[in-house]
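Trainee: Based on the provided sequences and hints, a complete structural model is requested.
Quick mapping for you: the protein sequence lines, in order, are chains A and B.
Counting from 740, one number per residue, gives the positions in the first sequence under this note's numbering.
Counting from 787, one number per residue, gives the positions in the second sequence under this note's numbering.
Just so you know, not all the hints are guaranteed correct.
[Unchecked claim] Taking lysine-lysine pairs in the BS3-like style, the calculated list, with each CA pair at most 25 Å apart, reads:
#: 1; chain 1: A; residue 1: Lys764; chain 2: A; residue 2: Lys873
#: 2; chain 1: A; residue 1: Lys925; chain 2: B; residue 2: Lys822
#: 3; chain 1: B; residue 1: Lys812; chain 2: B; residue 2: Lys822
#: 4; chain 1: A; residue 1: Lys1011; chain 2: A; residue 2: Lys859
#: 5; chain 1: B; residue 1: Lys966; chain 2: A; residue 2: Lys764
#: 6; chain 1: A; residue 1: Lys859; chain 2: A; residue 2: Lys1018
#: 7; chain 1: A; residue 1: Lys770; chain 2: B; residue 2: Lys966
#: 8; chain 1: A; residue 1: Lys925; chain 2: A; residue 2: Lys859
#: 9; chain 1: A; residue 1: Lys925; chain 2: A; residue 2: Lys1011
#: 10; chain 1: A; residue 1: Lys859; chain 2: A; residue 2: Lys750
#: 11; chain 1: A; residue 1: Lys873; chain 2: A; residue 2: Lys1011
#: 12; chain 1: A; residue 1: Lys1017; chain 2: B; residue 2: Lys822
Keep in mind that the hints were calculated from the coordinates and are not lab data.
All values reported here derive from a predicted model rather than from experimental measurement.
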Amino acid sequence: MTFVLKDYSLKHLGVLWGTFVVRVKILSRYKGSLILDIIIPTLFASIPILLGQAFAGSIAAASTNFQENTGLRANYVVWIIIGANVFGTVMESLWMFGLFVRREQMLGTLEAIVQTPAHKLSILGGLALYVEVKSVFTFILGYLLGCILFNIDPLQGNILLALILLLIGLVPIFGLSFLLGALIMKVKQANSLVNTLQWLVGILMGVFFPITVLPVFLQVFALIFPGFYLNYDIQAALTGLNWFLGNLYLDLSVIFLFALMCPFIGYQIFTKTEYRIKKAEGIGQF
Amino acid sequence: MTSLSFNQEQLGGLRLWWNEFGCMAKKEFIVLSRYKFSFILSFFQIFFIMFIFTVAALILTPPDKTDYGVGFMFYSFILFIYLSTALWDIGNSLREEQYQGTLESLFMTPISYFSTLLSRIFANLVWTSVNVMACFFFMTLVFGEFSLINVGLGLIILILSLFVCFGIAFGFAGLALRYKESMNILTNFLQFILMIVCAMFFPFSALPEIVEILARIIPLSYCVDLFRTTMIGGAPELLPFELEFVIVMLSALILPLLGVLYFQSTVQKAKHEGNLAEY
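Mentor: So this is what it looks like as structure tokens:
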């Protein structure tokens, strides 16, 4: 019995590892995509940074405006570079599952994958592992690139804590990824969803500005979005800002709570949607 | 008599071009309207982008420059959204034809390359213009009124700038056929590079010296500079107004032509190599 259980979990791990290896191999064939994932957050961050510099007259003056308008005592350049890089990793994680589903649908392999005895969770685990590894890699290099370009010391703040927060904070995002996966399976128009929702996610995460400058109803949405805590806490770990709830452990508790709830709810909704679509028309159609 | 028949031939050619353009543009409208979910989402997308960048601009701007900041972001954004639409739509539409297996047969017909390319963007261009107008009201509602110095001249410069964007997009469509799957990465990269180098969301004065030299080489920079200063006031940053206007006008004439020529040569090459339908 013990042997059977061990064998079963090894098979799960095999599927998980196999999924991870496939994604890494695909990525290795599109090296330009990886380079873009590293460069784009810095290009993205440079827009408000240069804009602030031009409007205010200098980076120092823009920093003063930032502090007066937001109440945050942080260097706005670092703050935005971190925000843009966290945003990149959140987007990758958020769309991980949905875009995987869509790609397999278009290649015509989704129905076949679902028919295999491999458990969906093992496949999802492989995808999540791939996104975690890639996120840490692109975050470190993207942050370094931004700091070098804008002449900032990249070794300030608690880097190790920031990376731990990144790893834990992405777990609830994977949960939301199941929800979007379900939505993409249903409406199929993945690109439009990604293109539109990414900006809403950027607003709710407070990538370029703290959520306190938003209208109250948007602040409420931001507070129930796990990406906001992830971004804020990484910014706090690297710039020395106060934690959002005043204490690291309180902030971590909220992230842990999301990490427990989101994957569970997301997975339930995804399996229900999948079941409904299977019954109605099959999931191979695109 | 010879002259008359020549004119009729010309008129017939123009009518034919108009008919083929009309049919293809209509087909694009029908396709666009069938994907209602994408259609509606694209409407909101513009508001979100405008909102995020304008708020980001305002928290770094001194309070006395708020109106200027909102206007600056809005007019910068207009050119960016048209460029983005042109870059993505033409390339993606041709890729779709490749996926569907209809590209090769399309290019066996005697239709003009110019109308093929222009019709692919026409539907989205109309929709983007509707969105831009809606966005203007949204911005006024959220951030208050902002400057509208010279609307007539601004519109002329915008139309000329659109042709500059088309030129870039036509050339890029040729690359889409050549680089196939890597096209998304290339388009993304080009879009970001043009956004930064052409100072689409910030003044040219913010660019490092070496990037500013690069900006002066790209015609699109003059479109951005000219359109923005016409709408919010002040002198252009790169060159005097008259010179910039001449550059924009010449670019609007030459770039689409060069773009179509490059696209045509790519299609011919693909036909010779027999890989037009490959994707």
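Trainee: Decide, hint by hint, whether the structure agrees.
Mentor: A quick look at each hint next to the structure:
In summary, the hint linking A:Lys764 to A:Lys873 is supported, as the alpha carbons are separated by about 13 Å, within the 25 Å threshold. A threshold of 25 Å between alpha carbons decides the hint, and for A:Lys925 with B:Lys822 the separation of about 14 Å falls inside it, so the pair holds. For a cut-off of 25 Å, the pair hint linking B:Lys812 to B:Lys822 stands: about 16 Å separates their Cα positions. Restraint check for A:Lys1011 and A:Lys859: satisfied, since their Cα atoms lie roughly 13 Å apart, inside the 25 Å limit.
A threshold of 25 Å between alpha carbons decides the hint, and for B:Lys966 with A:Lys764 the separation of about 19 Å falls inside it, so the pair holds. Distance hint between A:Lys859 and A:Lys1018 is fulfilled; the C-alpha atoms sit about 18 Å from each other, no more than 25 Å. Simply put, A:Lys770 and B:Lys966 have alpha-carbon atoms about 15 Å apart, close enough for the 25 Å limit, and the pair holds. Simply put, A:Lys925 and A:Lys859 have alpha-carbon atoms about 18 Å apart, close enough for the 25 Å limit, and the pair holds.
Our distance criterion of 25 Å between C-alpha atoms is met by A:Lys925 and A:Lys1011, whose separation comes to about 11 Å. Pair hint A:Lys859 plus A:Lys750 holds up; C-alpha atoms about 13 Å apart against a cutoff of 25 Å. Under the criterion of a C-alpha separation no larger than 25 Å, the hint pairing A:Lys873 with A:Lys1011 is inconsistent with the structure, at around 30 Å. The hinted pair formed by A:Lys1017 and B:Lys822 meets the criterion: a straight-line CA distance of about 23 Å does not exceed 25 Å.
Of the hints listed earlier, the one the structure fails to meet is number 11.
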